[in-house]
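Residue numbers (this note's numbering), protein chains in the order written: chain S, 1 to 178; chain F, 1001 to 1129.
These are calculated hints, taken from the structure and not from any lab test. Nothing here was measured: the structure is a model prediction, and the numbers come from that model.
For lysine-lysine, the following DSS-like pairs were computed, each having C-alpha atoms within a straight-line distance of at most 30 Å:
id : chain 1 : residue 1 : chain 2 : residue 2
1  : S       : K83       : S       : K158
2  : S       : K83       : F       : K1025
3  : F       : K1093     : S       : K158
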Amino acid sequence: MKKIIYPVLALLMLAGSAFTVISVQNWQIAEPYSISFTSNDASGIFKTFSGNIQFDEQDPSSARFNVSIDAASINTGNGLQNKHAKSEEWFDVTKYPVIRYDSRKVSKAGNGWLMEGDLEIHGVKKATSIPFTFSKTAKGAVFAGSFTVNRNDFKIGKPGGDVGELIKLDISVPVLKK
Amino acid sequence: MLKKSLALGIVAGILSGIVSLAYAKLYHSSLGADFSRVASPVGIIASSLLGGVLAALGYWLLDKWLQRRGEIVFNFLFVILSFATVLAPFGVKLPLDLEAPELFPGLAIPMHFFPALAWFTLKPLFIRR
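I would like the entire structure built from these sequences, with the hints used as guidance.
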């Protein structure tokens, strides 16, 4: 019996070590989040933001950000400007209702973090890096970051004109542990 | 003439302000859009009063300079300016947390005509030729 037990135990231990259990921290997006944009002429916010966030400071390699913005939720504070922004000439929200970001890699960068992934706006997907900070709060945490996009890269609006080509996005997303 | 004109302007301004407030309340209860942070009751009354007083001064000046033609010129100018100011609400940038900014012109534009309406309605009571 002993001759069988020990080899079986060894085999079980060997098999068990092949499977590594990873505990990934999932976060639930909470309100009030803020997704705002500014340029030399137009500025405003996107009111609807959703997605899945996995992030663990101890294991950034397992981090995943799959988030989306409802393009039609844009608000510049002016009804005419909102209508114009949603039109075919700009975001064309009927055809491209969602702005999406899917991360591929998250790494430490100085005092903060850097996520690299694909940003899709207006049907155009482009590799985009977003620096961000992660701050723990009493109830959860806050992800915050800023980055700039060139609207011409995503074929939003015509080149030139009154609206600047560089659009700065400021994001602040409070999250709760799932 | 200046006293009568100012009296008319002030009364017309107050009346148009009251009507504007009633319209704002109706607009809010009908459509659910609340723009009181941007167009407050005090602001509405003050704007209407200012419109009335400016109309009074304009009427007095035109009556003094153009005499017989002063009134018709004033009437045209008052109406044209009322129409011209209608463009302003379309260009206003509201606070970003206000819902349905596209409903704001529907609230503000009619108010731009109330001072002229009040003026023309009350004028026979104050100024008789």
